[in-house]
Every structure is written in structure tokens, then in C-alpha cells.
Amino acid sequence: MGAESTRRVEPAMSRVAHLAEAIASAAALLLAALPVPGAAAENGIKIGDGRLHPYLVLEGRYDSNVLYGTGQPPTGDLVLHLKPGFDLQIPGNQLSVDFGANLDWNKYLGLKSSATKDLSHLFGEATLALAANRTGTVGLELDDSFRRSDQTRSYSIVQAVVANYNDLRLAVPFRPGGGALALTVGGQWLLETFESFMSGAGLACDPVATGNASCDPQILSKLGYNQVSGRGEVRWKFLPRTALAVEASYFVRIPNDTALSAQVKGLKTLAGLAGLVTPHLAATVKGGYGDTFGSAGGAYRTWLANVEIEYVTMGTAGGRIGYAHDYSADPVYSVYGVHRLYLEGRMLLAGRLTVGARGEYDSVEYATAGSVQIATFTPKLEVEVTRWLYASTGYGLTWRGGSSGGGGIAPVAGYTKHEVWLSAKLVY
Amino acid sequence: MAATAARAQQPARGAGPPATVRADRQSGLSDPEKLKKADEAIDRMKLVMRQVLSRLEDARNEKDIVKLNCVNEKLTQIKGLLKVSEQSDIALQEAAARKDEATESEYQKITIAKVKIEQLRAEAEECIGQLAFVVDEKTTVEVETPKDLPEREQTDRSPPPPPVVRPPPASRFE
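Chains as they are written, first to last, in the working numbering: chain S, 6 to 433; chain R, -18 to 155.
Here chain R stands alone, though its shape is the one from the complex:
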């Protein structure tokens, strides 16, 4: 509710007098820019969470507990970071409304969370991807061979053995 109210005030902030648009010393962004980039970062983090949720579903369908645990661990961390980021976004909007310098610290929290979530997404991919190439006792390889092929091995081919010669014995050379 507070976030909605804060966002409703954004055009007013953006359209405010030039004196209110001050450059930050650390991020180099004005408050409206921080608000805009924070929104984009949170949208990206939500997208990543949906992707990892899809990976979790894949692992669940495979009934592979190793993959499931691995992805679930990454997803839990992503959820926590997303929650922190949303709280920081609210705090950012409030600070921007107050024209408080706290906007910078809240913006930095969101930025760090976004980087961390991207790392977790990559790790979740590895959970599925790396383990997909693990060959263990559950791995089977099925080769479909047409039924009308000859049974004999055909790739180990060689010409027939060379002929033998059997010259007749000579009674005597003269």
C-alpha cells in the first residue's frame, strides 16, 4: 500500500524543480533514476525466481532428490534476497519522497541483491546441467536398432584371406 502510494508520486518527483534532482556521489544517479533502476532490478529478480522455480519443477518431475535439494537451496536464497529487495524498494521510495540521503543505501541493497540473485540463478542451472551429465547406476543408454538388420557385426570388415599357393613337387630339374 505504501509502495503504491509512493509510486503514484513519482511523476511529481520527476517533474519537480531542478534543485531537487541532485546527483549522488556513489552511484552517480538521481533519485528518479534510482527508482526506475530499482523497479527494473526487482522485475528482473522476479523473472529469475520464476526461472528457478521452473528448474525446481523439472527436478521434481525427474524425482531426483539430489537435483531437487540443490535447486531448492538456491531458490530459498533467491526468495530471501527478493524479499529484502522489495523492502528496500519501499524504503527507497519513502526516502526519495523525503529527499533523504538514505536513497543511496537502499538503492545499493537492491543492486547487490540483483547481482547475488544472478549468481544464484547460474548455480541453479549448474545443479541441473552438471548433474545431467553424471553417469551413475540409474543411467541407461537405449539404442534403437531397426529389426530387419543382419545380426552379424558389419563394421569389422576385411577382405578374404590371401590365397595360399601349393606348387606341385618336381620329380627332378634338369
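Just chain S, with the same shape it has in the complex:
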């Protein structure tokens, strides 16, 4: 009997193996038939020494959890993204410019519930990176990124929100003697404001029971903040790709409404090694100390760390795994420490197909409340069909749980999302 079933299974397995082999061969032939990337003339509109690349992204994304209703299972929907944008790249040692911007129209189709159609929004982002005298003794680096989206890094916000986030950084590197020793001073200005995601939305949770004011959409706009910081770093390259570094930064978080959020000041110091330890292995080993000097409503001081190992090649494959411990100010619970474990990898196949995955687990521990855990896993596949057409598909899992506030985590703050997407990018 066993032998008979084995005989039945073997031809089936053989057919599957042949089918897989045929599909792999067909894919390889298809990829081989396409023109080699970069073989044709460079695309983009020439502007001086640089090029402007306009693009359009069309994406269909199914999200299993776009709307929460009390006592009901999460509602899923298909969201269409229409994202026109551009990238301007002007390379140069004296002055390099990298400027990009896009708009992102999110259209909810209402496949399962017509209520989700009201979630459609227009978002956008812009980034600017200027670098002057990159190889000289004294340089200047200016970076700014702005994003208006439904995503935020303020983990204590317990309901859907529209966040406007701007990050401006200025750095002046000083490289005497050719760059083996680099001293950098700089500053950063963060600005984040919040808006209610839906007009006329009610309470997302009980602000009293949870101790979280962000349950109330009318309060959200008062949780915005400015954060300014100054930093200094000394980096000594004792090998061409390996350096010892010492860095320190001091920040001040200034909330828009000090009755709802605490003003937090803090110091961070880190020292350690970063760079190649073998021709194909890079590592980061840094440790340090952080302290808010009692500004977070009580003493909060902690150790800081970043330990990472990365496999690096000339471009065909790579991966890294690491752990970091850091702390940050928060608009609701003043300050939190976070343990981060991350893993990512990618491989380029046939010169145009990139297979990659990224996973991350974050444990956020508030100084004055509970904790939140966030786990994400995102495998994806990207292919350069031609030099003007890129396609990608992937899956994203986001899970968030834990407890915060006196009454536990708000219902919508603990959630699971499954997302599947397919996108095409047309770029000139």
C-alpha cells in the first residue's frame, strides 16, 4: 500500500518539478530577451550637468484592515495609488543636488463597504539633498524631507491620522588631511503636525480609561511639536572603509500644547566602530548613554546601542541583521525607549530581477505608561522590465500589540494588517 502510494506521488512530484523547471526556463528566456539595463542611452531630461526624471507610479494595494468598527471584524479594501513625481539629480564634487517630489492620490474603491470610499486622500512628499565641496576640507550638507501621509512615527497616536512631517538637517564636515579624520557639526529641526483623518470622526477610544488624549480627534491637532537638536561627531578612518566614531547630540522637544505634552530635553552619546571588517562583511558596534535630565516628568536615563553585521558585495546580493536600543520623545507619554531587531536581505537575479525581504520587531517601552510591540515583515519582488518601466509586487504584514495607558491599549492601536500590492513605475 505504501509503495503504491509512493508510486502515485512520484509522477505527480515529477510533473511539478518539470512544470517549475519550464516556468523558470521561460522566465530566464524572457529576461534574457529583454534589453540589458543601462545598455541604451541614459534617460532623463538633461538640465546642466544633471538630469530630471519624471515618473508615474500606478499601484493597486489590497489592505485587509482599512476601517475598524467596534464589535466587527476589520474591513478590507483595495486602494489605488496614482503617484506622479520627479527626481532631479545633479552630481558634482563642488555642488550636488538631489531633489524629488511626488503626489500620491489614494483612491479607496469600497469593495466590501461603501464607507471606506470616504477614506480617499491626497498625500505627497518632497526631498532635497544639497552637498557642497564634498571632497574639500570643509563641506556643507543640507537635507530636507517633507511628507504628508497617513503614517507617523509617534507610536502613542492611537487612531488614524494625517501627519505632516518635516525633517531639516544641516551638517558641516571638516576633513583635514585628506579625510581620514572628519569632524562634523550639525543641527536638525523636526516638525510634525497632525490632522484628523476623517471629518466628523468620533472618539477612537476612551481617553480617560486609556490615559491617551489622542483618542479624541479634536485633540490631535494640539499634539504637534517641534524638535531642534545639535550634534557633533568625530570619525577616524584607520582603514579605507573602517572607522572609529564618537558622536553626541542634544535635543529639545517643544510641544505645541504643553498642557497635553511635556517638553523634553535629552542628550545622546555613542561611540564605537563602523565599517568593513573583511572585504565582504561590514559591522557596527556602538554603545552609549542617554539622559533626559529629569525633563520627561521624572528621571529617564538609559544605555544606547547599535550592533549590526552586514554582508556586502559589489551589488548582486546583500543582507544585514542588527539590534539597536534608543530612546525618543513622544507627544503623549513624554518619552520612550525602544529595542529594535531588524533583518533584511536582497539578491539581484539575471541583472534585472531583485528579490528582497525585510523584517523588523520593535518593542516600545514608555517611561510613564505601558509598552507597544510592532512587528513588520515585507517580502517583495522588483523587476526592471525596460529602462523606463519597473514593476514590483510584494506582501506586507504589520502587527501591533501591547499595552499602554491605565486601561490597556486602545482597540484600534492594536491591529494586524495584511497588504498585497502590485505596482508599475513609468520613468523617463
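Simulated crosslink set (DMTMM-like; lysine to aspartate or glutamate; CA at most 25 Å straight-line):
1. S:291 / R:132
2. R:90 / R:75
3. S:273 / R:137
4. S:242 / R:125
5. R:64 / R:106
6. S:291 / R:134
7. S:273 / R:134
Cβ-Cβ distance ranges computed for the label pairs, FRET-style:
8. S:138 / R:130: 21 to 27 Å
9. S:135 / R:31: 55 to 61 Å
10. R:47 / S:143: 24 to 30 Å
11. S:286 / R:110: 38 to 44 Å
Hints were generated in silico from the structure; no laboratory data involved.
Glycine included, C-beta positions come from ideal geometry on N, C-alpha and C.
Once you've looked at the hints, dock chain R against the given chain S.
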């Protein structure tokens, strides 16, 4: 020739009666001691001249005219002082043979020349040493990097950006 003859008489002078070995009031040395120390000083001065000549050769090989001129100037002075010292040594031996008090002045000339030559040697070293650290338009720094290293800068490393959260909107909290 005269120096050779004078030196040949040294054992005779050293082995002479105690009355001939008189202490000098300035250097506190007897004539035989002056002769011995003068010989040592001249040997030292010749050694210094050879060292500075070697520095001059280094500067010439580097084709660095600034260093070459600097060292050459010191060498010229050393040669002059050495010539004076050798003449004084001859005069010292003659004076010692005559048991003349002029031995002291000749010995002092040699001593002063030796000190001066040591100073010039130090200055010649500075010509090479100090100028070696001068960074000018001719200075280049070559860093050899293995060819199989990844192109991307590896020392500016940081963890990936923190995750963003996107809680779903609630239809109503009850």
C-alpha cells in the same frame, strides 16, 4: 706633514718629567690632555660633516632646491670651521712642543668650533626634517585601497529608519 711630526712626538711629551705637565688656568687641562681632546673634537667634526653631506645628498635626490640650499649653507660653514680647527690643531701641537702658553688659545678655538658645528648639524637636520612636513602643491597623498572592496561608503552606518504606524480609522467608539 708638520702635524704628523708633531703627533709623533706626543708619547715623548706625555712621558716627560712632571714639571712639564702643568695645569692650565682656563681649561684646567694639561697639554697632553688638550692634544687628546682636540683630536677627538676634530674626529667628531669630521663625522658631523659626513652626516651633513649625506643630508645634502638626500636633498639633491629629492630635487628639492629649497632643502638643498638650506643644507648646503650649513655644510659650507661646517667646512670652514673644520678647516680652522685643523689649523688650530697644528698650531696646538707646535705650541705644546714649544711648551708655549698659546696651547690654551688654540685649544679654545677648537672647542668653540666643535660647539658651533654641533649647532650647524642640528640646523641641517631641521632643513630636512621641518621641510619634510611642509604640505604644498607638490605634496600628494596616495591611499591604496584593495580593488575588491564595495564602492559604497561603509563607515557612515545607521540602522534602518524606525517603522511608521498606520492605525486604521475607527468608524465609532462605543
